[in-house]
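Novice: Chains L and D supply the protein sequences, listed in that same order. Using my numbering, the first residue of the first sequence is number 1, and each one after it goes up by one. Using my numbering, the first residue of the second sequence is number 1, and each one after it goes up by one.
These aren't lab readings, by the way, just hints derived from the structure by calculation. Just so you know, these numbers come straight off a predicted model, no measurement behind them. C-beta: ideal position from N, C-alpha, C; glycine also. Certain hints may be false.
Stated by the list, open to error - Here are the simulated lysine-lysine pairs, DSS-like style, with alpha carbons at most 27 Å apart: (1) D:K147 x L:K144; (2) D:K308 x D:K89; (3) D:K68 x L:K242.
What the hints assert, rightly or not - In silico contact screen, one side only, chain D against chain L (beta carbon under 7 Å); selected entries: (4) G55; (5) L173; (6) G229; (7) V248.
Stated by the list, open to error - Non-contacting residues of chain D with respect to chain L, defined by C-beta distances greater than 10 Å in every case (computed): (8) F27; (9) P74; (10) D284.
There are 2 protein chains.
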Amino acid sequence: MNKPQKNQEIVLAKRPKGVPDKSTFGFQDIEIPEIKDGEVLLKSIYVSVDPGMRGFMDEGDDDDRGNKYEIDKPINSRSVAQVVESKDKKFSKGDIVYGRLDWKKVQAFKAEGLEKVDPELAPISTALSILGVTGLAAYFGLIKIGKPQKGETVVVSGAAGSVGSVVVQVAKLKGCKVIGIAGSEEKIDYLENDLGIDKAINYKETDAMAKALKEACPDGIDVFFDNVGGEIADAVLEILNKNGRIVVCGQIAEYNNENPPKGPRPQHSLIKKSARMEGFVVFDFKDQFDEAKKELAEWYNNDKLKYKENVIEGFENIPSAFIGLFSGDNIGKQVVKVSEVEK
Amino acid sequence: MNKPQKNQEIVLAKRPKGVPDKSTFGFQDIEIPEIKDGEVLLKSIYVSVDPGMRGFMDEGDDDDRGNKYEIDKPINSRSVAQVVESKDKKFSKGDIVYGRLDWKKVQAFKAEGLEKVDPELAPISTALSILGVTGLAAYFGLIKIGKPQKGETVVVSGAAGSVGSVVVQVAKLKGCKVIGIAGSEEKIDYLENDLGIDKAINYKETDAMAKALKEACPDGIDVFFDNVGGEIADAVLEILNKNGRIVVCGQIAEYNNENPPKGPRPQHSLIKKSARMEGFVVFDFKDQFDEAKKELAEWYNNDKLKYKENVIEGFENIPSAFIGLFSGDNIGKQVVKVSEVEK
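Let the hints inform the model, and build the full structure from the sequences given.
Specialist: Here you go:
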């Protein structure tokens, strides 16, 4: 593997109003950087595009995790890359790594911000989905916080999403009855027929969510994995069982809300049901990542855990792949393949 | 001890509008009943009056636990009584028992609805307070759900109440920094000077609760024992620490609300803080009551756990003791002593 000779980056050219378009992005030719001690030179392989990145394009303060894009500075996202050159003992030339990388063909990066990806476990692009933060969030949120028991009823909102689609499958593997909530007939079909859950509810076609949930869950709800928040969560609370658990994982319905929206206070229901509502971020379980990745990979390799990946090829197509997230009802993880792994 | 010769009961004469008055209650002379197999004859000793009983006087359906008073039927409340005669092998003549008894001087009662009170542990009236459901709710809610660690900051709303005043003391015994929230200067004084907590905040004198809490809790809040709900709970969420725990125990601010009031949805904060909000009722821990009573009694007998009890004497004064709850800022448990224990 030779050191690349040309380089390019994609910057935030201007802050979008509403849905981003091509003018949001700018391409710039840049140098191949020299690396310092403790750094590696990386060649991007797979770049993830996620709806959540839209929020980082707005003006304003950094969020808690320092995610904010600046004008004329490169955009970054979760990426899989290959080490071209290393000045850190943790990584060797040829290693596959995962990190929050700039949208650059080639870049210098501090070793401490990277994780090794094991190509033996599963295809390396899964580091952006089922073996990455979304799959791990599903795994730990469901198992460690939801604690589903065999025979219990698990309801998942945003069930066809990157987290939800793993949650519903792991819940089935744990012997639960699984009800998914999603927003299109295509997703309902995917959940019921491809992922094999017990019942999927299209909330856009359902006037009375509480009633629909009651019909789908005659034994009540034991675990609610809440990816969405809002009124769906209110409806679930009504038929939550004694000792029910609500796993709070991302709140799409509240996206871009500076102040939390108002809704019925849940405290009274929590007392009545002796129930628990618990939030988490996946990094709370960092010390258990390796173990979880092994189990997820095993399920994946034995066809017990399915996922959909849409791959667009070419560095130049990263912006359109991102823009495409906001039109239509894509199912599955959108990634851009920027280059090939080299031996 | 001889079988009593006369008997009397207090019934709900009419449903009150707002605060009850004397016309709410009616006195009736009744017979001394004969008991059947599986029953005991009880002589009331201590009768508890609680603000929560006001809700049972309104028209409407039973709540989940079957608490509702009917016109011309005896009122009931948590009481301590002595067994005068027994046709059940679990109880003997002279035993002290606890139960939700009618306001009658003497009554027949099914043995299965009663718990034995151990007069060796502590004064028997404590079965209505620190060794009863309020003390046990404080104990289990704090220890089993709040799980306070030495050095952590614990905030308690309704801190001078029957549950709160036990919570703050047990939290101090567990080595925590304890901040109490209450609604009068007398209560603030009681909390800071009698119960020795670190700081008490009078929410009625405080415009900006979040600011006041921030000042009182420079290290943030690890456990919030929430007896009140409403805006105080919103303010706490703002400065809850990573992995914070909110124990939801009764919601006075939402009392008499048929539909839960609206407020800022907590889910987003729960994710940001990886925090847990959990409701409970004391009976979730029924199999651990004896153990907890022993520990609470030991603390009480060693002056580590204080409580205030206001005793009014005489069966005829039960209504005025109840009416008195709604005027002024009484601190401590209000009980009525109806008769003496007999050897």
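Novice: Hint by hint, say whether it matches the structure.
Specialist: The hints, checked one at a time:
no.: 1; hint: D:K147 x L:K144; in the structure: holds, 18 Å
no.: 2; hint: D:K308 x D:K89; in the structure: violated, 35 Å
no.: 3; hint: D:K68 x L:K242; in the structure: holds, 22 Å
no.: 4; hint: G55; in the structure: violated, 13 Å
no.: 5; hint: L173; in the structure: violated, 25 Å
no.: 6; hint: G229; in the structure: holds, 5 Å
no.: 7; hint: V248; in the structure: holds, 5 Å
no.: 8; hint: F27; in the structure: holds, 35 Å
no.: 9; hint: P74; in the structure: holds, 27 Å
no.: 10; hint: D284; in the structure: violated, 5 Å
The structure shown violates the earlier hints numbered 2, 4, 5 and 10.
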